[in-house]
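Enquirer: What follows is each chain in one-letter form.
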Amino acid sequence: MSKTGAGNFFEDFRIGQVIKHATPRTITVGDVALYNGLFGPRFAVQSSDVFARAIGYPRSPVDDLLVFHIVFGKSVPDVSLNAVANLGYAAFRVLAPVYPGDTLNAVSEVIGLKENSSRKTGIVFVRTTGCRQDGGKVLEYVRWVMVRKRDEAAPVPGDHVPRLPDAVLPSTLGDACPRIDVAAYDFTLAGSPSRFGDYAVGEKIDHVDGITVEEAEHQIATRLYQNTARIHFDQYSAAQGRFARRLIYGGHVISLARSLTYNGFANAFHVTAINGGRHVAPLFAGATVFAWSEVLARTELPGRADVGALRVRTIATKDRPCHDFPHKQGDQDDPAVVLELDYWVLLPR
Amino acid sequence: MSKTGAGNFFEDFRIGQVIKHATPRTITVGDVALYNGLFGPRFAVQSSDVFARAIGYPRSPVDDLLVFHIVFGKSVPDVSLNAVANLGYAAFRVLAPVYPGDTLNAVSEVIGLKENSSRKTGIVFVRTTGCRQDGGKVLEYVRWVMVRKRDEAAPVPGDHVPRLPDAVLPSTLGDACPRIDVAAYDFTLAGSPSRFGDYAVGEKIDHVDGITVEEAEHQIATRLYQNTARIHFDQYSAAQGRFARRLIYGGHVISLARSLTYNGFANAFHVTAINGGRHVAPLFAGATVFAWSEVLARTELPGRADVGALRVRTIATKDRPCHDFPHKQGDQDDPAVVLELDYWVLLPR
Amino acid sequence: MSKTGAGNFFEDFRIGQVIKHATPRTITVGDVALYNGLFGPRFAVQSSDVFARAIGYPRSPVDDLLVFHIVFGKSVPDVSLNAVANLGYAAFRVLAPVYPGDTLNAVSEVIGLKENSSRKTGIVFVRTTGCRQDGGKVLEYVRWVMVRKRDEAAPVPGDHVPRLPDAVLPSTLGDACPRIDVAAYDFTLAGSPSRFGDYAVGEKIDHVDGITVEEAEHQIATRLYQNTARIHFDQYSAAQGRFARRLIYGGHVISLARSLTYNGFANAFHVTAINGGRHVAPLFAGATVFAWSEVLARTELPGRADVGALRVRTIATKDRPCHDFPHKQGDQDDPAVVLELDYWVLLPR
Chain Y
7 MSKTGAGNFF EDFRIGQVIK HATPRTITVG DVALYNGLFG PRFAVQSSDV FARAIGYPRS
67 PVDDLLVFHI VFGKSVPDVS LNAVANLGYA AFRVLAPVYP GDTLNAVSEV IGLKENSSRK
127 TGIVFVRTTG CRQDGGKVLE YVRWVMVRKR DEAAPVPGDH VPRLPDAVLP STLGDACPRI
187 DVAAYDFTLA GSPSRFGDYA VGEKIDHVDG ITVEEAEHQI ATRLYQNTAR IHFDQYSAAQ
247 GRFARRLIYG GHVISLARSL TYNGFANAFH VTAINGGRHV APLFAGATVF AWSEVLARTE
307 LPGRADVGAL RVRTIATKDR PCHDFPHKQG DQDDPAVVLE LDYWVLLPR
Chain R
7 MSKTGAGNFF EDFRIGQVIK HATPRTITVG DVALYNGLFG PRFAVQSSDV FARAIGYPRS
67 PVDDLLVFHI VFGKSVPDVS LNAVANLGYA AFRVLAPVYP GDTLNAVSEV IGLKENSSRK
127 TGIVFVRTTG CRQDGGKVLE YVRWVMVRKR DEAAPVPGDH VPRLPDAVLP STLGDACPRI
187 DVAAYDFTLA GSPSRFGDYA VGEKIDHVDG ITVEEAEHQI ATRLYQNTAR IHFDQYSAAQ
247 GRFARRLIYG GHVISLARSL TYNGFANAFH VTAINGGRHV APLFAGATVF AWSEVLARTE
307 LPGRADVGAL RVRTIATKDR PCHDFPHKQG DQDDPAVVLE LDYWVLLPR
Chain F
7 MSKTGAGNFF EDFRIGQVIK HATPRTITVG DVALYNGLFG PRFAVQSSDV FARAIGYPRS
67 PVDDLLVFHI VFGKSVPDVS LNAVANLGYA AFRVLAPVYP GDTLNAVSEV IGLKENSSRK
127 TGIVFVRTTG CRQDGGKVLE YVRWVMVRKR DEAAPVPGDH VPRLPDAVLP STLGDACPRI
187 DVAAYDFTLA GSPSRFGDYA VGEKIDHVDG ITVEEAEHQI ATRLYQNTAR IHFDQYSAAQ
247 GRFARRLIYG GHVISLARSL TYNGFANAFH VTAINGGRHV APLFAGATVF AWSEVLARTE
307 LPGRADVGAL RVRTIATKDR PCHDFPHKQG DQDDPAVVLE LDYWVLLPR
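Chains as they are written, first to last, in my numbering: chain Y, 7 to 355; chain R, 7 to 355; chain F, 7 to 355.
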């Protein structure tokens, strides 16, 4: 038996298969600091233990996306080491806050399989769940990914494409957010007076700032998550591939976009769910990422007077400021767009 | 109302205006580790909890300049987002030690305004104070910065230029340094036998070593401080500007210079005050920073037999070793000089 | 007396000389996070406090190589600041686990001296010991390094070349590994079912993955260790040297190779000893490092049924995948090889 993991190929997956991923990971304030150095987020709840405690957290929770990246990273060796492309996300919910000192594990269940007509690849749908040391779920999401077959001729199970929701239901949002004391929420310290009620559906916000990405930065980030997808680290192999360059982990773009949205959504302190996301185009080092957002919907949460949820679509671009909100050119994506992310954030009411 | 912060322009400031800055920030050992990785400081008090406790600290304090950078970063969105140039510092005093776990806030008061004759810009003088979670002041300094006007024709208040001291008075130094047990200070472990009394006024020291700066490094540092000045991160916009390159945050050069001074001032474990500083020329990635220092003055501190203060001028250069102490060429700055910093450090007596 | 350390030259060393190195260093979870971001190790014992506790550690120990780099870094200003080349290691033993919060010191004893026939340089052999705050030894190793003479004509003591073992004796391995509960060791979470008994002497493993190194990465790593060897940081001076480039710290390659070996030795959770190592060729930024290993020997440890030791030789290459196990071409090293490391790892039985 080979001792070196070659990852699973399309024909290795079965519907209902449950994969317990290596390697468990204790998150620390060191991880948080490095995440801050790489993305520069400024949301007060995650930045200040004092601020977090004032409103009802025991201390600053770990950034939702850092938790996601660590959970996602664990799934790579088993799910997407032989992936051609990461196609989408759905039904992504943050279920409990994570604090420094917590240890994360991840498990994935195969919930869909569909061979492509070329028979060279197929689409694998997995539901990945991140858990804490006590077994409590902290995160779950579905992703689907195009995976190579080891052997074109290998038989595969019949197609099974799962039904996925277009959006996470408002009634299921907010599990990871304790009831907060809005009176103790200092809007000046948080950087903006704008609350839930100040945003209108259809409102568009240019986040103005840009961040240039360096090779060292995305490599450090992705290794921090123990993500083993070699296309992100290995220039020797990348040089022989389609792009001839190391591809930046898609999650890096999501974190950059989230940090940029502070300028416009300073009080949107928690990403509670992701309805869907598309990595519209690849990103390479040296590019500068900009972003803009549109408020797609607003909703109160059942039984909660403290926070409300905004459904936001954030578009990230490369080397293209967003004052005129680039998105589509007719049916086509604007060539500058690299990410389209549709998600729910919570704000104080 | 726009939800996106455009920063203040010159005509937005008023004498006596007090600005409470976002975002509060809990400092952790993670921040300290990243700072160490970026600058490589070797002062024993900040490096070893055991060393710090032996001489009278409860544990290693956070590097004085890391505290400064975090406080400074908070003031950027309100004070200098529309700055043309950061002109100077004065009356900079470190008032209390900061430890991992402390949370920092910052407040600035506008103490001076002077419109430039072009009417396109003006100089804003602010006194910025950094505070701990319990309200205790940890740092205060005056800086002045040239800020653009939004509208040339906008009326502005009359000029008011504050009187600033040429140097911080010796009698006000040392507040952030607990009384230390010099007998327990291990000079071998600290790396040098040279005490306060071993330095002579006029003594010049070449710090010998050089450090090359990479884009990823200064970007990570500046984001760690939540400094939002886009010229440091955004190559797309920088490409259209005067330098066509990202400008390295001036504070980065100060930290590099401070780390270099270890080789010559190994026991100068605490920067207690900064009398003044000039960013003589911009620094860009790829350059190698060298430094040399001159002892300008020596002073005992009232009522303290444990430590004494040296007033030091450190000159940092780019791509130019400092064995011959480059500074001025006639009235002009030597073209290699990037920083001139005049400050007080404490050493054991 | 110069206040700037120029380091020792060959004629400054004496047999039996004991050098207590600056600067003591408290290791934190911040250092661990940065190490993880730079190298991406995935061994479960070091990654998860929960996993470590389950098998008998009080919490996750600090990576053995991070401890080594910090101890090594301390010795540089005294031992190898004027080195031409780092020639070898022997008798390297890890003696006790190190945990975040521990403070490390280092001491070196000169155990051998041999002038080269040119009289311009000589070889210095030192035994360096790393200690914890309570004086407990955590690491010891011998290294030898070619050091310049300040003055060719300077008299030197007669040659004394110490006898060094070819390999660390199995009976002396394992001091830093507590007795572990193998029944509680979760091989699925650790990422592989392969135990001590599953490896055969002579077995060769290609570790498959490659990691490209950026200048910012190796600079951050080496500064984190407070290693002051200027060839790693100072491009201005390097430009005038033999390679015209900054040389990557040899220990960086060791850590990259160790991280790569996870894919094949996922349960080799502890480097207990290093028999010898050679930096076969220099490494520069931009290169991609690959690795393969051969199992040289297997041994049980006296009185221990929990873990066994494998003697492994890992070969790291640059820009050269290792599927065909490159090593020698006749008597010569394969030109792609950068590191040959012969060491003992522990695995559960």
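Each hint should be verified, as a subset may be incorrect.
[To be verified] Here are some of the chain Y residues that sit facing chain R, going by a computed Cβ distance under 10 angstroms:
| # | residue |
| --- | --- |
| 1 | Gly11 |
| 2 | Asn42 |
| 3 | Pro47 |
| 4 | Glu158 |
| 5 | Gly203 |
| 6 | Asp204 |
| 7 | Gly216 |
| 8 | Gly247 |
| 9 | Val286 |
| 10 | Ala293 |
Don't read these hints as lab results, they were simulated from the structure.
Ideal Cβ placement from N, Cα and C applies to all residues, glycine included.
Enquirer: State for each hint whether it applies.
Expert: Each hint tested on the structure:
1. Gly11: 30 angstroms, violated
2. Asn42: 6 angstroms, holds
3. Pro47: 8 angstroms, holds
4. Glu158: 42 angstroms, violated
5. Gly203: Violated. Min distance 13 angstroms.
6. Asp204: Check passed: Cβ of Y:Asp204 comes within 8 angstroms of chain R, closer than 10 angstroms.
7. Gly216: 4 angstroms, holds
8. Gly247: Cβ of Y:Gly247 sits 23 angstroms from chain R, so the hint is violated.
9. Val286: Y:Val286 check fails; min Cβ-Cβ to chain R is 18 angstroms, beyond 10 angstroms.
10. Ala293: 8 angstroms, holds
Figure legend: structure checked against the earlier numbered hints; hints not met, in rising order: 1, 4, 5, 8, 9.
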